[in-house]
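Participant: Chain by chain, the residues run as shown.
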Amino acid sequence: MFDESRPIFQQLAEWLEDGILRGDFVEGAPVPSINELAAFHRINPATANRAVALLSDAGLLEKRRGLGMFVTVGARETLLRSRQQEFATHFVTPLLQEAGRIGLSRNDVIRLIEQENQA
Amino acid sequence: MTSQIPAIEALHVTRRYGNTVALDNVSFTVPQHGIVGLLGRNGAGKTTLMSILTGQDRADAGSVQVLGHNPYEHPATLGQITFIRDNQRYPEDYKLRHALEAASIFHEHWDQALADRLVDLFRLPTKTGIRKFSRGQLSSVGITIGLASRAPITFFDEPYLGLDATARQHFYDTLLADYAEHPRTILLSTHLIDEMESLLERVVVLDQGRVVLDTDVAEAKAQYCQLAGMRGAVEGVVGSAAVLRRHEVGGLLSVVVASPLTEHMQQAAKAAGVEASPVSLQQIVAALGAADQDVAAA
Numbered sequence: 110m111f112d113e114s115r116p117i118f119q120q121l122a123e124w125l126e127d128g129i130l131r132g133d134f135v136e137g138a139p140v141p142s143i144n145e146l147a148a149f150h151r152i153n154p155a156t157a158n159r160a161v162a163l164l165s166d167a168g169l170l171e172k173r174r175g176l177g178m179f180v181t182v183g184a185r186e187t188l189l190r191s192r193q194q195e196f197a198t199h200f201v202t203p204l205l206q207e208a209g210r211i212g213l214s215r216n217d218v219i220r221l222i223e224q225e226n227q228a
Numbered sequence: 016m017t018s019q020i021p022a023i024e025a026l027h028v029t030r031r032y033g034n035t036v037a038l039d040n041v042s043f044t045v046p047q048h049g050i051v052g053l054l055g056r057n058g059a060g061k062t063t064l065m066s067i068l069t070g071q072d073r074a075d076a077g078s079v080q081v082l083g084h085n086p087y088e089h090p091a092t093l094g095q096i097t098f099i100r101d102n103q104r105y106p107e108d109y110k111l112r113h114a115l116e117a118a119s120i121f122h123e124h125w126d127q128a129l130a131d132r133l134v135d136l137f138r139l140p141t142k143t144g145i146r147k148f149s150r151g152q153l154s155s156v157g158i159t160i161g162l163a164s165r166a167p168i169t170f171f172d173e174p175y176l177g178l179d180a181t182a183r184q185h186f187y188d189t190l191l192a193d194y195a196e197h198p199r200t201i202l203l204s205t206h207l208i209d210e211m212e213s214l215l216e217r218v219v220v221l222d223q224g225r226v227v228l229d230t231d232v233a234e235a236k237a238q239y240c241q242l243a244g245m246r247g248a249v250e251g252v253v254g255s256a257a258v259l260r261r262h263e264v265g266g267l268l269s270v271v272v273a274s275p276l277t278e279h280m281q282q283a284a285k286a287a288g289v290e291a292s293p294v295s296l297q298q299i300v301a302a303l304g305a306a307d308q309d310v311a312a313a
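Protein chains in written order, with the numbering used here: chain A, 110 to 228; chain B, 16 to 313.
Hints may contain errors.
Per label pair, the in silico range of CB-to-CB distance [claimed, not checked]: (1) Asp-166(A) to His-279(B): 25 to 33 Å; (2) Leu-176(B) to Val-182(A): 49 to 57 Å; (3) Thr-202(A) to Gly-251(B): 21 to 29 Å; (4) Ser-292(B) to Asp-127(A): 20 to 28 Å; (5) Ser-165(A) to Ala-237(B): 19 to 27 Å; (6) Ser-142(A) to Gly-247(B): 50 to 58 Å; (7) Thr-202(A) to Gln-184(B): 35 to 43 Å; (8) Gln-193(A) to Ala-192(B): 35 to 43 Å; (9) Ile-219(A) to Glu-234(B): 38 to 46 Å; (10) Glu-234(B) to Asp-127(A): 22 to 30 Å; (11) Arg-225(B) to Met-110(A): 32 to 40 Å; (12) Ala-117(B) to Arg-115(A): 29 to 37 Å; (13) Glu-234(B) to Met-110(A): 16 to 24 Å.
Source of the hints: derived by calculation from the structure; they are not laboratory data. Quick reminder that beta carbons are idealized off the backbone N, C-alpha and C, glycines included.
Based on the sequences and whatever the hints tell you, model everything.
Facilitator: Here you go:
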């Protein structure tokens, strides 16, 4: 489930974010507990705790005393905005770099995107 | 037992066997509650260190404390410790139940239900004598005792020898689930680093009796990176960074360097056509264990 690209806690944080974006974890509803996350992903609970702390610090999760962590209202919108901002760096730039390396022009790339979109 | 007292504290521990220095001025501290990996090559000193920490051997110099006491001949401290060795012997006529009963007497937190569940998961034979157990079955007995003892300080010395993939998965899952419900301090030595890395919170790496790394797992990985490509290009990017390991074939070179994978290094690598990547904990430990040999040979 995780790879060597980044620390596990960051990858788990992203996994939780993806779950919120997909609607697996709904605003106002709880996310799995630290121990459940650790057991499911077979990771140390301290690592799971760090991932949840990242989302909590970003205001995406909130603690409800005695009940656990819940998805904050507005979390999905916040995530969508930040992912949209990162889209160019994470996807468009590498796409154009690879296109340049293999001799595809900007117009070729645009044509391919339109083709793919129709398929 | 207040939580401020470290679970384990070793200060300048040295142990010699004749002319061999098994442990050379080893110091490290493990706070209470955590799963810590004790890593390093065969002969690095892991078992010697565990033997001293569990009061089965004594340091020639330096001191160890477990929960604030020297464990050597200190029954109250020894009662808080479980040590699962890879070569545990049992009396000739022992069956599984005798081994479990003996363990339950020594450990006040013993959980029979957990022991029963593990016996079931590992499919351990109950009627056969332990002397007829296979290597993997002996490991399963050790793991069952180690986990069901629920000792505040638990040592596992390569607990997985001979275990099949399913049994290892049962071990990891049960370890995590039981640790989550009953937090304690678990120090385990392993060579299956790729497989067990995600269970660990911290690592202590020994090489030739010395501590060469003692840190959080994520931190450890942030301190190293790997560069690979044409030799000249790689050497250019390495610059003055310390090289731990060189792997050279023809004109190709890959190195593990003691340097974070910074933005600057990534750009330099890209410009030079060199592949820069993070390294796994296993690669770091392998590199630390070969550092002097590889670089000297180059």
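Participant: The structure should be examined with respect to each hint, and the outcome stated for every one.
Facilitator: Do the hints match the structure? See the list:
1. Asp-166(A) to His-279(B): 25 to 33 Å: 27 Å, holds
2. Leu-176(B) to Val-182(A): 49 to 57 Å: The hinted range 49 to 57 Å holds for Leu-176(B) and Val-182(A), with Cβ atoms some 52 Å apart.
3. Thr-202(A) to Gly-251(B): 21 to 29 Å: Distance hint for Thr-202(A), Gly-251(B) holds at roughly 25 Å.
4. Ser-292(B) to Asp-127(A): 20 to 28 Å: Given about 23 Å between the Cβ atoms, the range holds.
5. Ser-165(A) to Ala-237(B): 19 to 27 Å: Between Ser-165(A) and Ala-237(B), where Cβ atoms are some 22 Å apart, the hint holds.
6. Ser-142(A) to Gly-247(B): 50 to 58 Å: 52 Å, holds
7. Thr-202(A) to Gln-184(B): 35 to 43 Å: Taking Cβ atoms as reference, Thr-202(A) and Gln-184(B) lie about 40 Å apart, which means the hint holds.
8. Gln-193(A) to Ala-192(B): 35 to 43 Å: Distance hint for Gln-193(A), Ala-192(B) holds at roughly 39 Å.
9. Ile-219(A) to Glu-234(B): 38 to 46 Å: Since the Cβ atoms of Ile-219(A) and Glu-234(B) sit about 44 Å apart, the hinted range of 38 to 46 Å holds.
10. Glu-234(B) to Asp-127(A): 22 to 30 Å: 26 Å Cβ-Cβ, so the 22 to 30 Å window holds.
11. Arg-225(B) to Met-110(A): 32 to 40 Å: The hint (32 to 40 Å, Cβ to Cβ) holds, given that Arg-225(B) and Met-110(A) are roughly 35 Å apart.
12. Ala-117(B) to Arg-115(A): 29 to 37 Å: Roughly 46 Å apart at Cβ, these two residues miss the hinted range, so it is violated.
13. Glu-234(B) to Met-110(A): 16 to 24 Å: Check passed, 22 Å falls within 16 to 24 Å.
In this structure, only the earlier hint numbered 12 is contradicted, and the remaining ones agree with it.
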